[in-house]
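J.: Sequence:
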Amino acid sequence: MLKKTLACILTSVMLLACAGETSSAAESVVTILGGSSGGLWAIIAEGVGEAMRRSFPRYRVTTEPGKDGPNQVLVGRGDVEFCLASDVLTLKALKGDAPFDVRNRKSEKLRLVAVVNPTAAVQIYMDARTGLTSLKELGERKYPLRINVNRSGTVNDLVSRRVLEAYGVSYEDIEAWGGVVHKGPAPEAVDLWDAGQMDAIVEASQFPLSRFYDLGMKHDLVMLPIDADKAEEINRDMGTFSMIIPAGTYSFQKEDCPTVSTRLLLVTSADQPDRIVTDMLTAMLENVEYLRSVHANLRGLSAESMAGYAGIPMHPAAERFFRRHAISKN
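For what it's worth, the working numbering labels the leading residue of the sequence shown as 1, then goes sequentially.
Note that these hints are calculated values from the structure, not bench results. The reader is advised that the hints may include incorrect statements.
To be verified - Derived pair list, reagent style DMTMM-like, types lysine to aspartate or glutamate, alpha-carbon separation capped at 20 Å:
| no. | residue 1 | residue 2 |
| --- | --- | --- |
| 1 | K106 | D237 |
| 2 | K136 | E165 |
| 3 | K230 | D256 |
| 4 | K142 | E108 |
| 5 | K136 | D256 |
The task is simple: from the sequences and hints, build the whole structure.
T.: Here you go:
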C-alpha cells in the first residue's frame, strides 16, 4: 500500500514538474516578425532578437520573414509576440482603415514598444529631362509620367498615393495621361531607369541611399519637394511628420528639400505580459552599441529616440520603463 502511495505521489510530482516546464517553455518563446528575407527589416529584426538572446538567454528567440500590414494583424491577434511595422500602417490597423477595413483585420490591441528607426523620409527622384520641378506642375501639364511607387499595399505605395492626391493627382490620372504607375521594388525600378523606361521613383527610407547616389552619377536627376501646406495635410491624415533633406545629400541636390517622413516601430499586443516587454526594452538598451552596428539605419538609436513617438498607444510596461529612465514621449 505504501509503495502504491509513494508511486502516486511521485507520478503527481513528475506531472506537475512537466506542466511547469511546459508553461515555462511557452513563456520563454519570443517571435519577432521582420520583412522580406535578407532585406532591411529582416536584418533589424534579427539584431533586436540577438539583443534579447544576449541579455536573457532563457528566451528562445526566433525571427521570421514578414510584411508591413500582415505583421500588424498577426501581432494584434496574439499569434506572435513582436513585429516591425511602419507608423502609417499601424495607425490604419488601429483605426480599421483600408487595407484593414475587412473582417478580422482591424487590430485595436496594437501597442508601441519602441521606435526603432525614427526617419524614413519620402524621397521623390525625377528625371530632369521631364522638365518637372514640382509636383504641382505634374497635374498642370498632365504629364505622362512613368513612376515607381514600390509594391502594392506597402507604406511606400500608400504614402506615394497620398502625396500625389495632395496635389490633385491620382494614379488613375497618370495612367489616363499615358503614363505608367509601376509597382515594384526600388532596385527593379533603377534597372528600368537605366533602360530608359522610368522617369520617377518614390522611396521612403533613410538618406542618402547609395542606389540613388549612383543613379545620379549616371543620369540627370532632380529631387522634388513637398510644400509645407501639403505636408501638413498629409501628416494629419497619415501620422507622418515634416522634415528637411539637407542640400548636398546627393550630388544632384543643390537645395534643402522639404518632405515628410515615416517611422519604423517595434510593436506588440496590449495582452503581451509586462515582463516580456520590459525584458525586450532592457535588452535593447543594454545592447544599444551592438544594435547601432547592425545597420546604418540604427546608428542614432538611443533611449530617447526609442520613446520618441506619441501617435500610437504605448504598452503600459513600455510606459513605465521609459518613465523609470526619466524619458518622456515626444
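J.: With the threshold set at 20 Å, check whether the alpha-carbon distance from K106 to D237 stays at or below it.
T.: Cα-Cα ~18 Å, so holds.
J.: Within a Cα-Cα threshold of 20 Å, do K142 and E108 meet the stated pairing?
T.: Given pair K142, E108 is violated - Cα atoms ~41 Å apart, limit 20 Å.
J.: Has the given pair, K136 with D256, been kept, meaning a C-alpha gap of at most 20 Å?
T.: holds (18 Å)
J.: Mind checking the alpha carbons of K230 and D256 for me, to see if they're no more than 20 Å apart?
T.: With Cα atoms ~17 Å apart, K230 and D256 stay inside 20 Å; holds.
J.: Given the proposed pairing of K136 with E165, does the C-alpha separation stay at or below 20 Å?
T.: Roughly 11 Å between the alpha carbons, so the hint for K136 and E165 holds.
When the structure is compared with the earlier hints, a violation turns up for hint 4 alone.
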